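Asks: Chains A and B, in that order, are what the protein sequence lines are. The first sequence begins at 566 in this note's numbering and counts up one residue at a time. The second sequence begins at -19 in this note's numbering and counts up one residue at a time.
Keep in mind the hints are simulated off the structure, nothing from the lab. Please note that a few of the clues may not be correct.
Once the Cα atoms are required to be at most 27 angstroms apart in a straight line, the calculated DSSO-like pairs of lysine-lysine come out as [as the list claims (entries may be wrong)]:
hint : chain 1 : residue 1 : chain 2 : residue 2
1    : B       : K83       : B       : K173
2    : A       : K726      : B       : K173
3    : A       : K664      : A       : K726
4    : B       : K173      : B       : K76
5    : B       : K76       : B       : K114
6    : A       : K726      : A       : K631
7    : A       : K769      : B       : K173
8    : B       : K34       : A       : K652
9    : B       : K173      : A       : K664
10   : A       : K656      : B       : K52
11   : B       : K114      : A       : K664
Here chain A is said to cover these stretches of chain B; the calculated rule only asks that three of the stretch's residues, wherever they fall, bring their Cβ under 8 angstroms from a Cβ of chain A [claimed, not checked]:
hint : stretch
12   : 80 to 87
13   : 98 to 109
Here the structure is a predicted model, which is why all the values come from computation and not from measurement. For every residue, glycine included, the Cβ atom is placed at its ideal position computed from N, Cα and C.
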Amino acid sequence: MTSQNFFSSRAAQSGAAALAVGFSLMLAGCAGGAPADPGKASATAAEPASPSVTPTPTPTPSAVYKPADATGPAQNVPVPVLPEVAKTETKEGAEAFTKHWFSILSYAYETGDAALFESIAPSPCEACQKVSKVIRDWHSEGRWLVGGKLSTPVSNTTFNKGQDGTYQVAVQVHQEPLSYVRADGTVARTDPQTPDQGNLLVLKYGEGEWSVVELGSIVG
Amino acid sequence: MSLSRLLSLLLITVMSLGVTAGPARAEGGEDPEFGGSWSPGLTMGGHTWDAERKEFVPADPHVPSTDPNEYKYELQCHLGGGDFDTPCLARQLDCKDREDGAKGIPVMWLSRPRGVPGAVWAHHSGPTCLYDPKPEDLLPRIAADIQRQFQNLPVNAGRVVAQPSPNTLRGAETNFYAEAVEQQFDITMLGQKVHVVATPVQYTWNYGDGTVFGPQPSMGGQLPQDRWGEKTRTSHAYATTGDFQVILTTSFQGTYSVNAGPPLPIPGQGQFSAPPQGISVWRSLTRNYADDCNTNPQGQGCPGVGALR
């Protein structure tokens, strides 16, 4: 754990990411593991190649997505791309945008880059602020999060426009158990697996895009 | 180390360009706050589907919340029809047959949020064991009977406390509160061990003078003696004197778990009443004791003058 080692591994990582996916991902790379324990990360990166006896060792492409694990934060997490249909004021559009909204939140958990999520979170949103803060704190000073990835098996709206011009979308949200890893690699805590939740997103469409105006849970 | 520190500061500066606030820094060595799992239900109001308005509406805060999920189980390693996953069977939970010969069958529990139309079943917990020749419809059979079983459990409705007691004054606010707690029971249904947890959620006060308050979610609370007589959410002022029987009826919400499976909601609430608590309501009179018995021998407290009541 020398500063030299730190410098080289970080620089290589961010550089590769930037080349592959662009500037925003470089920021993500920084946020995702800026002061990550370099010794561990580089050791595991080298592992698959060294004990290999195959004559043609295939070097791992640098932009390959790698989820977070006990050895380090996720790498090369693709930035969620808003599908074309999610830009339309249609039932399918509202449902697709809702799924996209959760993939942005999932991206924040994986990378520590909560900026994108904060830009699309409604205000006020206590739950959003809470997770944003935890994500930032636990992706700083060498710490990282494992798990926490979100998926949305079902997104459903009646597509009835309310009097205030909003639409309600019910969404089933699944989250992988979230583990908090300290800079020394010890797991500080793992949140228990919770059942899939029902969330309610209240959406508004304007100027060619959807936005979330309110968010809540569905209790029955 | 100094280079690394400098670099991390630089990185954080770069990062801050794109964000609204810099990362919060914890004290050296201390963990930042936990609680990062996504759960808007904890801080934001719940919504329920309103079938008439065909939209979600904020849930009534006076109605105790119920489990937002529904549950089912599947035979472990069952792929559907007559097909089973062979590798899975090899590491299947070993449910030892019971002493009475009942065959143990491992099941996996699934759940899905009730309120989302078309929600899919997702793994919840397990495997756990069921003991029944027809485990497929065991849960519906238990579910059909659990409400009756629940209502017949010796659930303690709670203790009734009145302040002041056992005597109080006509027209004065008498503070009533309940001391009801969560209770757990183990019963046997259809040969399965069923664990029931009963949680008090609503209270109905029958003050014995024809006044009924509730059901409502407050169990009331204790008042320090120097505040007796204050109006509280559950206090009552008797208009007449006499002896009254106060009856507390507590509504409990229950969950049941079958052979250590997940806690499943018991539909409906169980009503349980506490034994009647007697209270005597007296009247109070204000008398002036400042008279001089020499000038007014009939004055209150003078020798030979009748009792107060």
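Asks: Output the indices of the hints that this structure fails to meet, ascending.
Replies: 2, 6, 7, 9, 10, 11 and 12
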